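Peer 1: To convert, note that position 152 of the sequence shown is 151 in numbering that gives the first Met the number 0; the numbers rise steadily by one, no gaps.
Read the hints as simulated data drawn from the structure, not as lab findings.
Given the structure is predicted, the values throughout are model-derived calculations rather than measurements.
Honestly, I wouldn't trust all of these hints.
[As the list claims (entries may be wrong)] With a straight-line Cα cutoff of 27 angstroms, these simulated DSS-like cross-link-like pairs (lysine-lysine) come out:
| no. | residue 1 | residue 2 |
| --- | --- | --- |
| 1 | K238 | K207 |
| 2 | K218 | K238 |
| 3 | K207 | K218 |
| 4 | K43 | K218 |
| 5 | K87 | K55 |
| 6 | K80 | K159 |
| 7 | K207 | K91 |
| 8 | K218 | K204 |
| 9 | K80 | K204 |
| 10 | K48 | K80 |
| 11 | K43 | K55 |
| 12 | K87 | K43 |
| 13 | K50 | K80 |
| 14 | K238 | K204 |
| 15 | K87 | K238 |
| 16 | K80 | K243 |
| 17 | K159 | K238 |
| 18 | K218 | K159 |
| 19 | K55 | K91 |
| 20 | K243 | K87 |
| 21 | K243 | K159 |
| 22 | K43 | K204 |
| 23 | K204 | K87 |
| 24 | K204 | K91 |
| 25 | K159 | K207 |
| 26 | K55 | K80 |
| 27 | K48 | K204 |
| 28 | K91 | K159 |
| 29 | K207 | K243 |
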Amino acid sequence: MPTYTSFTCSGREALFLFQLMNIPEAEVLFAHLNDAALQGERAKPTFEKIKTDLIKDGVIESEDHVITIHPQVHQLLQSCKLSSAVMKLHLKTSSSEQRESSLTYGFISGTNIVEWLWDPERDQVTLTSFESLQDFLRIMGNRIELPDSVEESLHTPIQKHTLQQLLTLDNESGIERVTNALRQDLHVHSTAIHELAQAFVNIQKQGKFEVSTRGMQNKPQTIYFMGSCAGNWLFIEDKENERKELFTAFKITEEELIQSLFLLTTRSLSILPAV
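Use the sequences and the hints to build the structure in full.
Peer 2: This is the structure:
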């Protein structure tokens, strides 16, 4: 029988296991797969094939229509299901050489953290157990890998609408279009327009990181970030001006980004009721 501290399977197999365990994020994976073979009349034979493959690989056993999951895989999945807080990182890489995206979830359950990494280009899901939040964020930071930059003290307000508009522009957008969008946002400081415009035009990495707590009605804590040869920026929602839908943009280093992810996560964990 194989041993797992990390477990890798296809997107379809992960969906089968998540649905089997009633893990809420199964819906997210189902939407990302967008697989016609998993819908309608085609779903049943598809899932039967997935089940057969998992039995062959020793991941599950089936007897009298009762499915048993390999104990170590079950432990990883159980940590996902019973987690009290969930981190989510959607990372996009866009350059002349490559365009790819990945989705990472971090499930925090007591002192245990399980990472769920979904790589759509490779149709691969990997579940990995970590002993500490610091270890998990260090690995996540290695994956983000922002361009080198020097520490600077530069920040400015920016409207949510402006930020989302600029993050969805393609790499062919010219400096004039980006600069005009920033100038039309009266909240953006004039001293930051040139630096921000250069960063958006040369964007190489962009991401959205959010932390939510299960069973609580508060909305997820969210930050956006981007990396470019012209500088890295972090965008944090301004809670004091939430009605105005404002963010504050900070020019940052990669180390400062990882520190921000850690602080956002620990702040969200601090509101959980003591057990």
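Peer 1: Each hint needs a verdict: does it hold in this structure or not?
Peer 2: Here's how the hints hold up against the structure:
no.: 1; hint: K238 / K207; in the structure: holds, 17 angstroms
no.: 2; hint: K218 / K238; in the structure: holds, 12 angstroms
no.: 3; hint: K207 / K218; in the structure: holds, 15 angstroms
no.: 4; hint: K43 / K218; in the structure: violated, 36 angstroms
no.: 5; hint: K87 / K55; in the structure: violated, 32 angstroms
no.: 6; hint: K80 / K159; in the structure: violated, 32 angstroms
no.: 7; hint: K207 / K91; in the structure: holds, 9 angstroms
no.: 8; hint: K218 / K204; in the structure: holds, 25 angstroms
no.: 9; hint: K80 / K204; in the structure: violated, 30 angstroms
no.: 10; hint: K48 / K80; in the structure: holds, 25 angstroms
no.: 11; hint: K43 / K55; in the structure: holds, 19 angstroms
no.: 12; hint: K87 / K43; in the structure: violated, 30 angstroms
no.: 13; hint: K50 / K80; in the structure: holds, 20 angstroms
no.: 14; hint: K238 / K204; in the structure: holds, 25 angstroms
no.: 15; hint: K87 / K238; in the structure: holds, 20 angstroms
no.: 16; hint: K80 / K243; in the structure: violated, 36 angstroms
no.: 17; hint: K159 / K238; in the structure: holds, 12 angstroms
no.: 18; hint: K218 / K159; in the structure: holds, 16 angstroms
no.: 19; hint: K55 / K91; in the structure: violated, 34 angstroms
no.: 20; hint: K243 / K87; in the structure: holds, 25 angstroms
no.: 21; hint: K243 / K159; in the structure: holds, 9 angstroms
no.: 22; hint: K43 / K204; in the structure: violated, 39 angstroms
no.: 23; hint: K204 / K87; in the structure: holds, 16 angstroms
no.: 24; hint: K204 / K91; in the structure: holds, 6 angstroms
no.: 25; hint: K159 / K207; in the structure: holds, 13 angstroms
no.: 26; hint: K55 / K80; in the structure: holds, 25 angstroms
no.: 27; hint: K48 / K204; in the structure: violated, 37 angstroms
no.: 28; hint: K91 / K159; in the structure: holds, 19 angstroms
no.: 29; hint: K207 / K243; in the structure: holds, 20 angstroms
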